[in-house]
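Here are the chains, one letter per residue:
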Amino acid sequence: MIALGIVALATLAANGSRQLRYSAVALLGVSLAANVVTAGQLSVTQLAVEGCGALVACGILYVAARDRTYGEDPGWRLWLATIVAAAATAACFATLRTASSETVTVPLIGEDPSGVTAQVAAFWLISSGVAILVTAQTPVRGSLGALLMITGVELLVRLLTVPQLGLSLVFGWVEVVIALAGGFLIVNERVVREN
Amino acid sequence: MTIAAAPLVLAVAGCGAFVLRKRLNIVGPFSLMAIAIAFALVVVNPPDATGTLLDLELRATGLGRLASAVILATLFLLVLDVWLDEPAYNFFPTALAVGATSLGVLVLTAPLAIFGVLMLGLLVPVGSFTFQVHRNRSVEAATRHFGFVALGGCLGIAALALAASLPHEQPANTFVLLVVVLVVAFALLLAAIPFHTHAALLAGEVPPSALALYFGVLVPTTFIAFVEILTLSGLLPAIVQVVKVQDLLHGIGLTSAVGGAFLASGAPDLRRLVTYSVISNLGAALVGIATLSGPGIIGALASVIVTGASASGQLLAAGTLERRSAPERPTARKAPLAALAFVVGGFALIGAPPLLGFPGRFFMELIAYQFAPLTGAALVLATLLLIVGQLRAVLALFGSGVERWALEPRPVAGIIGAVIFVALLIGGIQPDGFLRPIASFADEFLRALRPL
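From first to last, the protein sequence lines stand for chains V and U. Residues in the first sequence are numbered from 12 upward in steps of one, following my numbering. Residues in the second sequence are numbered from 556 upward in steps of one, following my numbering.
These are computed hints drawn from the structure, not numbers from a lab. All the pointers check out, no bait thrown in.
To give an idea of the chain V side of the interface with chain U (calculated C-beta under 7 Å), a few residues:
hint : residue
1    : Ile-137
2    : Leu-144
3    : Pro-150
4    : Gly-153
5    : Met-160
6    : Ile-161
7    : Val-164
8    : Leu-167
9    : Leu-171
10   : Pro-174
11   : Leu-176
12   : Gly-177
13   : Val-181
14   : Phe-182
15   : Val-188
16   : Glu-200
Computed spacing ranges between beta-carbons, pair by pair:
hint : chain 1 : residue 1 : chain 2 : residue 2 : range
17   : U       : Cys-570   : V       : Val-55    : 21 to 29 Å
18   : U       : Arg-1002  : V       : Ala-101   : 39 to 47 Å
19   : U       : Ala-973   : V       : Asp-84    : 49 to 57 Å
The beta-carbon is built from N, C-alpha and C at its ideal position, and this holds for glycine as well.
Assemble the whole structure, with the sequences as input and the hints as a guide.
Structure, rendered in structure tokens:
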């Protein structure tokens, strides 16, 4: 439950930041907390793979910013994204919850075998990502939204009872390539804006 | 491991090409050699071979081998054109990476892994979409493409993951919602109308070779991945029981087929004509899949594979015509062979006999009439509008006449167009070898639809 709270707060911090570098650091916090949420479901290798993916992705965004002032003021988009994400998370949890146990027990600290915490975190990240991505004007917020979404997707995939190593590797790569493409666009967009 | 050899060779070669990308005289032949090796590995791989990489199951299906061969041949021609006629150093590593992911999509058997690798492939071309950023809106086009891929890809994977973890007692509405999200996600990735705005912007702003890589290789791969995911995910038996999902596919397909054809018939330039024609053909193919019948599936897949190859030829020809005629409008006087290549590519794109595009279109329109006469009529109308669009292009290119029929210098796009035309002509005369692996996949699809 504490990890879920950190996911929510770090998402808000990433969404509300005017500087890309702070968003990148907050994104790393989101990824780490998301890994803690599902730590019991993954082996050390899988956690390492996904953790590395997140670290590299956030590092790429950090470097793409080039200086600590560069970024985009979210303005009204912050509130819109937060309200939409909160409403969508509740709606998704009500309609799409697939965690098998009927009685929901959510421990404050430690593992959550029912998967409820992981699903809530996933729905929150995906809906936040959608809201940010849809209202994004530049690649700065586009990359942020895409990375939040893929982190949420990774959480959902971890809940499946299928062999996970290959999937962890694929989605780790997707996260890195999203950051690379986003970073590339950020650099190019900055060149266009500065000229 | 041998089954994964071709995509792995391309992935490693892509990294090598990235290092060598600014040495055009080296990276061009290097990329061509890597594609040729991958082609040989695909051909020598025995049919229905299986294997495991990490913990992911792999399988070389007949459709996978056929599509891989066509994709690699198309990539070879694209790389050849860029190397000889339109040097762009970002293109080589991008093309190899796209080849690796496309081949990966065609051998994987886990739906989530297929979707993940497909998303990788769709994100990679962002690097070759952006060029001359001070003079055009290519960054905006690439950003919009990035957004659509991230949105469609993440929503689709999330829907698949949730559908896979649904308990059996889940209400039908939950399932319908997830499948609708999956279908919309693919509509976003395929640029089906009304989700086509990024494709329209790409058509106007990015280099023709990058556009050909997207519409000639990635869009057909995305369509095949969609059909494979439906087959492998176990969603089909439930889809067939819920008419709404079939109706949704049908609706998106028809809108895209007719809307794309309308836009193509009034397209202001050659690139947009090809782009909207591809969108229209994809819509018709979605209608074919929505019929959930053997001929519909065969027609859809055959049409999409041929559309990719012929659109690549047309886009390369359009690029050459634009460059040679600039700053005026493209005309056949400046590059007669490229203009001819554009025209014959158009024949293939509209499914004219005796080219290989004909059987697929014939099957789709036939089954669409059986499904609902109105649907069949709409597909025929779409074809007629595409013919109008292509005829307008012919008039624009040849309307002022060609003073002297002499080959342009470096007629690379023209020769590539001729090679594609000959291949489609031979395939059209002997369609059996092309259609058999597709028919075999259609059997698999129908078995997944109604498991015993």
